[in-house]
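2 protein chains.
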Amino acid sequence: EIFEHICARFQPRVLAGRRILMTAGPTYEALDPVRGITNISSGRMGFALARACAQAGAVVTLVSGPVSLPTPPGVTRIDVKSAQTMRDVVMNAVGAHDVFIAVAAVADYRPVAPSTEKIKKSADRLSIELTRNPDILADVASLPAPPFCVGFAAESSNLDTYAQGKLVAKRLKMVVGNLVQDGMGGINNQVVIYDAKGRYPLPRASKEEVATGIVAHLASLLN
Amino acid sequence: EIFEHICARFQPRVLAGRRILMTAGPTYEALDPVRGITNISSGRMGFALARACAQAGAVVTLVSGPVSLPTPPGVTRIDVKSAQTMRDVVMNAVGAHDVFIAVAAVADYRPVAPSTEKIKKSADRLSIELTRNPDILADVASLPAPPFCVGFAAESSNLDTYAQGKLVAKRLKMVVGNLVQDGMGGINNQVVIYDAKGRYPLPRASKEEVATGIVAHLASLLN
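Chains Z and R, in that order, give the protein sequences. Per this note's numbering: the first sequence = residues 1 to 223. Per this note's numbering: the second sequence = residues 224 to 446.
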């Protein structure tokens, strides 16, 4: 805590006065009381970014899926499980914020009919019907008076195409892209930042260092 | 570490000389490089039991699915993700052990055809075809010279019926049953032990205390 205060003293307060709403981690879509669909997101990139934003002077609200990470000092954290709950919390909170950063790896699909009882194993084959989840970032970005919206894109290939497509299609101000194999679930990350003017690769580094680079770019666009 | 040694000194060495193979945690069955099916198991019950067995003098090998827990002192840990890999590791190691305790919440099904590329969200509906995973405990218990086999049963209802059915069907020596809502994913647990002679409910307690009770019952059956 004291260490955080000292760190914060030596950080440029480039986000002072900004109110930032963020999501982080995976979501968990229940199949029954025991099983569910999730993804390999550890939440580390989002938590590192929340910490870096707070150290840069922002007021940060972090909506987190199920992760095993401590809350960064000074950050207000709201824990959720499913994409639908994450959307409800975000849409309820977004009006009080002027930046929205969607880092969470939100499940694109959820089971159509989750079971209230544990499904017994009997059949050799089983088929699960899934339906599309809400697109939280698209919903926020298409509000009448949207906040400054930043997206994340984790792809297994064709990063430039997908990330720039996301920037345009969802009318975002900035997208942070990475290849799944470069960062997801791990300690380090290698990202490319995309905005209306171009693409800016950051060097491979710890997620804490990458977060500092993202904050610097975000601040340059905001100020 | 020193604390563990002191604790171990005051534990009755009721499992001295026993070689115990255990599984713990959930398994993770990949749908694509990012997404997968898992369950709410935290691994805490299995890790607490591994620790209690080691403190009681056993040599413990712990095969763990993806969890965020430190390895108990003195325990040999092998990390795996999928049920198939867990089975391979267990079948390879079981010959050198005289007790097998299956605590892991192994996924009963896995996707038939996981995708090597991240599945793009396009369709409104999606259907996933699943196929049965191997039943690791049943495979071990049906070996020509099986170890002393202990199963765990986490059910959402009808605990006695399912747990006693498991004891008989898989020809186990002991089953530890609990209701999902009583323990899975949490800090405490309330279990019932089943063996050939009857059912023995343990009081609701921390998973560490429950583990001590399970070790005492196990030792009484082994000695």
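Simulated from the structure, these hints should not be mistaken for laboratory data. From a predicted model like this one, the values you see are computed outputs, not experimental measurements. Built from N, CA and C at the ideal position, the CB exists for glycine as well. Just to be clear, a hint being listed does not mean it is correct.
[As the list claims (entries may be wrong)] A few chain R residues that don't get close to chain Z, going by computed Cβ distances all over 12 Å:
no., residue
1, G240
2, S264
3, A328
4, S338
5, R348
6, K396
7, E431
[Said to hold, decoys possible] Derived DSS-like pairs (lysine-lysine); straight-line CA-CA distance at most 30 Å:
no., chain 1, residue 1, chain 2, residue 2
8, R, K344, Z, K166
9, R, K420, Z, K81
10, R, K343, Z, K166
11, Z, K170, R, K304
Outcome of the hint check:
1. Every CB of chain Z is more than 12 Å from the CB of G240(R) (nearest about 36 Å), matching its label as outside the interface.
2. At roughly 8 Å, the least C-beta separation between S264(R) and chain Z is not larger than 12 Å, which violates its mark as non-interface.
3. Taking the minimum C-beta to C-beta distance to chain Z, about 7 Å, the non-interface status of A328(R) is violated against the 12 Å cut.
4. Separation of S338(R) from chain Z is inadequate, the least Cβ-Cβ distance of about 9 Å not exceeding the 12 Å criterion.
5. Remark: the non-interface label on R348(R) conflicts with the geometry, its nearest Cβ contact in chain Z lying 6 Å away (cut-off 12 Å).
6. Once the 12 Å rule is applied to beta carbons, K396(R) is consistent with being away from chain Z; the minimum gap is 22 Å.
7. The non-interface label for E431(R) is consistent with chain Z: the shortest C-beta to C-beta separation is roughly 19 Å, beyond 12 Å.
8. Restraint check for K344(R) and K166(Z): the C-alpha separation of about 13 Å stays at or below 30 Å, so the hint holds.
9. The suggested pairing of K420(R) with K81(Z) is violated, with an alpha-carbon distance near 42 Å, which exceeds 30 Å.
10. Restraint check: the Cα-Cα separation between K343(R) and K166(Z) comes to about 12 Å, which is no more than 30 Å; the hinted pair holds.
11. For the suggested pair K170(Z) and K304(R), the alpha carbons sit about 35 Å apart, so the restraint of at most 30 Å is broken.
The structure fails to meet hints 2, 3, 4, 5, 9, 11 from the earlier list, while all remaining hints are met.
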